[in-house]
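Fit chain Z to the supplied structure of chain X, relying on the hints for placement.
The listed protein sequences correspond, in order, to chains X and Z. Residues 837 to 1089, numbered by this note's numbering, are exactly what the first sequence covers, in order. Residues 837 to 1089, numbered by this note's numbering, are exactly what the second sequence covers, in order.
Be aware that a few hints might be false.
[Claimed, not checked] For the chain Z half of the interface with chain X, some residues (derived, Cβ under 10 Å), not all of them:
| hint | residue |
| --- | --- |
| 1 | Ala858 |
| 2 | Leu914 |
| 3 | Lys954 |
| 4 | Ile987 |
| 5 | Leu997 |
| 6 | Ala1001 |
| 7 | Asn1006 |
| 8 | Phe1007 |
| 9 | Glu1022 |
| 10 | Ala1037 |
| 11 | Thr1050 |
| 12 | Lys1063 |
Hints in this document: simulated from the structure, not taken from any laboratory. Predicted model, so just to flag it, every value in this text is computed and none were measured. Every residue gets a Cβ at the ideal spot worked out from N, C-alpha and C, and that includes glycine.
Number of protein chains: 2
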Amino acid sequence: MQIVIIGSGNVAAVLGRKFKQAGHEILQVFSRNASEASKLAYEWDTESTNYISLINPRADLYLIAVPDNSIEDIASRLKLGSKVVVHTAASVPKEILQQASENYGVFYPLQSLRKEMKNLPVIPLYYDGSNEKTLKLLEKLALSISGENVIHAKDEERLKLHVAAVFVSNFVNHLYVLASRYCRKEGLDFSQFQPLIEETAVRLREMQPEQAQTGPAIRHDKETIEKHLAILKDHPQLKTIYLLLTESIQQGI
Amino acid sequence: MQIVIIGSGNVAAVLGRKFKQAGHEILQVFSRNASEASKLAYEWDTESTNYISLINPRADLYLIAVPDNSIEDIASRLKLGSKVVVHTAASVPKEILQQASENYGVFYPLQSLRKEMKNLPVIPLYYDGSNEKTLKLLEKLALSISGENVIHAKDEERLKLHVAAVFVSNFVNHLYVLASRYCRKEGLDFSQFQPLIEETAVRLREMQPEQAQTGPAIRHDKETIEKHLAILKDHPQLKTIYLLLTESIQQGI
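Next up, chain X with everything else stripped away, as it sits in the complex (with noise of 0.2 Å):
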């Protein structure tokens, strides 16, 4: 497939290389900011542009990855009749596209992507389509890269997805550096909890996470509790999520 990648940042950069990497080739890069653009094409061995009036008309896709509030803008200034137009954002409706083209959809991968990553991760992807011609190339293009973990979600199902992956991944990583700043703070190195981080990770592979739930709170071990909230007085925030957390885990819901 000829794909055009509209945006420069992490979502742009991994999905390219993951089109790369399946034999798609990409056409072009559009970027405004022109000095990312042109690394990533670099990397592509292909062109990039900074002006959205010279974005190439012959590609077979065109992947909109940029900031969420910048796609309306973006998709108002394309012109593209029925070549295919996709935005990659969880919590916006696809028709946000439909001025671009009338056969539009989303690519929605659901991965935290970052540019700097050595290794691509897996990465489900949620695609939905503004008909079947559309939903039939979507899926094509997901499983050249993504196998077995391609699903179709409309847009009220890709908002759900998003709600959970804060809560498994904005939300986990907070409390990382809720602990590592205490680790700091009291003289403690938070490397050494690594093991630990993955272990938790990992062992959903095998395991549901309420059978994985351990801990003072679930063992409603209110000595241990009382020594914790002790040891957090100077540190307002930690102990106000100690409580909430402590809680919520003894509700058992």
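For chain Z alone, coordinates are given in the frame of chain X:
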């Protein structure tokens, strides 16, 4: 080293296995749960007992891996003279063992251990001892099963480590629980989040959690946050935690 394991739960089972692998001899397993004790004894080709008076007095080390609130009771029934005795608890002072022997200490694994584990993970070990001789022996034992991840830590430091471990493991797992229940209710496949969950954990090998923070909260993306809260209106527990953690991320202390 000749070792008696006291307890037959997750920590007893996994540390016992690590000791065996490192070439130590498990002299005996004691547990009130005779059936679990004999299973472990069978695995390690040794004997078991559920009578505390029959604990073998000729070992070099007695490892007490039982629930926190049973340690004192066990210790009060042991008279080990100068044999080294340790418990494995984060939040229990080492002095609780002084009635059992003059040489006592702690052997705390900073890892979430489960009997069912096929592949034993890396286990950072924090040890403490009542005197130089005990410290030396425990350091040597720790090095034999955990290589570089061996650190001397006193009671207060161990308690602080435990607090941080609660955040990065128990609380993180609770976020997985909440997300998986939400997925079940909404008809989403939670297993599709596994690559994202692992990526979020593994990337901390290469960057600080602060650098890895992404998502609508850190971007102050009010529009997406509003969409998420709207979709969580029938999920009060999730909504409360969403609001608190979003606020905590935005504090950016």
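Against the structure, the hints come out as follows:
no. : hint    : in the structure
1   : Ala858  : violated, 17 Å
2   : Leu914  : violated, 22 Å
3   : Lys954  : holds, 9 Å
4   : Ile987  : holds, 7 Å
5   : Leu997  : holds, 6 Å
6   : Ala1001 : holds, 6 Å
7   : Asn1006 : holds, 3 Å
8   : Phe1007 : holds, 5 Å
9   : Glu1022 : holds, 5 Å
10  : Ala1037 : holds, 4 Å
11  : Thr1050 : holds, 6 Å
12  : Lys1063 : holds, 5 Å
In summary, the structure is inconsistent with hints 1 and 2 from the numbered list given earlier, while agreeing with the others.
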